[in-house]
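A.B. asks: Going down the list, the protein sequences come from chains U and H.
Residue numbers 18 to 272, in the working numbering, belong to the letters of the first sequence in order.
Residue numbers 750 to 1162, in the working numbering, belong to the letters of the second sequence in order.
Take these hints with a grain of salt, some might be off.
Just a few of them, taken from the derived set where beta-carbon distance is under 8 angstroms, the chain H residues facing chain U [said to hold, decoys possible]:
#, residue
1, E832
2, L839
3, M854
4, I1034
Partner residues are not named here, just some residues of chain H that face chain U (Cβ under 10 angstroms, in silico) [to be verified]:
#, residue
5, T833
6, R850
7, I872
8, A876
Because the hints were derived from the structure by calculation, they are not lab data.
Virtual Cβ for every residue (Gly too), placed ideally from N, Cα, C.
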Amino acid sequence: MVQLVSDTWYLFNKYLRITLRMPMWALFTIIQPLIWLLIFGQLFKNMASLPGFPQGRYMDFFLPGAVIMTVLFGTSWSGVSLLREINFGTVEKMLVTPVSRVSIVMSRVIHTAVTVIIQCLIIMIIAIIFGASVSGIKGALLSLIIVFLLSLGFSGISNGLAMWLKREEPLVMLGNMMTLPLMFLSSAMVPKSFMPEWIRVITKINPIDYAVEAIRAFYSGGVSLQAILVGFLFLSLFAVTAISWATEMFMNQSE
Amino acid sequence: MIKTENLTKTFSSGTKAVDNLNINVEDGEIFGFLGPNGAGKSTTIKILTTLSRPTSGQAWVGGHNVLTEPVKVRCSIGYVAQETGIDYFLTGRENLVLQGRLYRMDGKAINRRVDELLELFSIKDNADQLVSTYSGGMRRKLDIATALIHNPRLIFLDEPTLGLDPHSRSQLWNYIRMLNSELKVTIFLTTHYLDEADKLSNRIGILHKGSIKIIDTPDKLKDSIRGDSVNLELKGSAKDKAISILKGDSKVKEILLENDHVRVYVNNGSEAIQWLMKLLNQNGIDVSSLSISRPSLDDVYLKYSGASFKEGDSAEGGEPWWAKWQKGGWGKNWKGGEDSNDKNEAVGWDQNWTKGEWEMEQDDKQEVTADKDKEDIKDKENKEEENTEEPWKKWQGTPEAAEWWSKQGKKEG
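Isolated chain U (complex conformation):
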């Protein structure tokens, strides 16, 4: 167990170091939320005045959506880089050492989640500058924990799918295919009151919806503690299941 943690730590360090050495990554990380907030914020501005739309400006409503979008786009690449490392021989080089096999997957998944958190922080700061109202620092921190759990889950799925598909192209295809439907089957972009009944049913099993609702609650402070707890529980379960599955897939392949 101690070894699992230390192995994961050293590998995580490696990945983080490599990410931070890409200046373009940092640049795009800042530009991306700017573009989203500008375009989507302007495009959907008048939607907030439609009857039935929750109170407040669209920017307030949309901020959690932008955060979730960052999670989905940010995590779907995790598996691609795993395949790249395999083709490069890096994974094989790790496997001949006594390093814990689980830590190879864990470090990747945690690294992805941490990079997504950095991106989300930047989005939040920019959104506040643009005039989104945040109820407090506590809400922001709690919502980052939600982001972390959701990112762990989705990058776990991405790594597991990578082990299943074994090629980059279908993996990217599948990632793109899943992203938008998952977004629209939650209240990230459109409030629940605007949804047809069947979509509202689906949102109940969509981890993204739990994340969006929880984050929104932290900003507005309008949702019950119970709902937040259920959200945390559901997302933790999602993350654990996804990572276990990815690890299982990886171990099977590396036999």
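Got chain U; can you put chain H on it based on the hints?
C.D. replies: Just chain H now, with coordinates in the frame of chain U:
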């Protein structure tokens, strides 16, 4: 140091990549492991480095069983694969430190060892630059250095000089010799360069279709082919005719076919030219060119593997580039280059990644049906061989043998 006992790896499709392999690598030697693409070299290495599990048979590496004590095996070996596997966006030093961490060494020991290795491989000046700025030769050196971080007594070098320029190659040879003679590291080397194997190895094993054909010192192997080889280049059907004529001649010791060339082994090359030319001319065969050579490891290799290294290249050379793809299925040659000839070689870990499993099975099925008749014959031969077992073979598998090996293990561990 390495000992295998009837090691066999059969893939789910039924292809035997490694077939009853028995090798014994001594402590402190450089063992050259040769064989054509697809002979099962990589699969063997993957089993010995615990990356893949054998279907049957046993293997001990550094005194530990690869199946029951994989972690101990991993701690006692270093592995330098064909793909470098080092991180290009870390510095040389960071790569070494990380590797030390993965072997769970403590910080101080790592720093000491890293400085030692940087000095040893003279990469000290570039230690803090990103590996992406390194030359091919330097990357190789760093790769070998990372494999040595935990002071293993055995390292596997899988085609270490592939793609290096002549200068880097000879430099690397010196390092390999130094590792072996000064640091007493046992080296398990695979290579496609026969001169490399000849220069470096204490002993050479030639692998063909998953089993060892012969193991001996390079000199003895060369001695076993006495006399000279006369290399004849003949046009088209003349080859078969020439072979059938020469086969009957008592002065000809052996004939091997290598692409367009017919190799004729005789006692005295210069003398043989005269009567060879005469004999062939009498039968109306035109010889386009002719040369004599002293026996080299190439001849030994050809004799035992029944194939030339260049065979694959020239067979496919005249075809359009997509012909390979059509033959092998779409996913097969994604890597291109030399590895594209590999059928069995890339199987296991590598292949699982790079090809979908269904593709793999399809390829193998075709191969199996084509080879079925041959295999029947082979089976018969194998049975005959079993009857004439050497005494040490009988000893293997007995309780005494098991005890002896466990003692060996303790000594080495």
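A.B. asks: Now, for every hint given, state plainly whether the structure supports it.
C.D. replies: Okay, the hints, checked on the actual structure:
Hint status for E832(H): holds, given a least beta-carbon distance of 3 angstroms to chain U, under 8 angstroms. Look at L839(H): its Cβ gets to within about 7 angstroms of chain U, closer than 8 angstroms, so that hint holds up. Taken as an interface hint, M854(H) does not check out: its beta carbon lies about 11 angstroms from the nearest beta carbon of chain U, beyond 8 angstroms. Given the 8 angstroms rule on beta carbons, the hint for I1034(H) is violated: about 49 angstroms separates it from the nearest Cβ of chain U.
With a cut of 10 angstroms, the hint placing T833(H) at the interface with chain U holds, because the nearest CB-to-CB distance is about 6 angstroms. Checking R850(H) against chain U by beta carbon gives a least distance of about 4 angstroms; that is within 10 angstroms, so the hint holds. Interface restraint check for I872(H): the shortest CB-CB distance to chain U comes to about 18 angstroms, outside 10 angstroms, so the restraint is violated. At a threshold of 10 angstroms, the smallest CB-CB gap from A876(H) to chain U is about 16 angstroms, leaving the interface hint violated.
In the structure shown, a violation is registered for the earlier hints numbered 3, 4, 7, 8, in ascending order.
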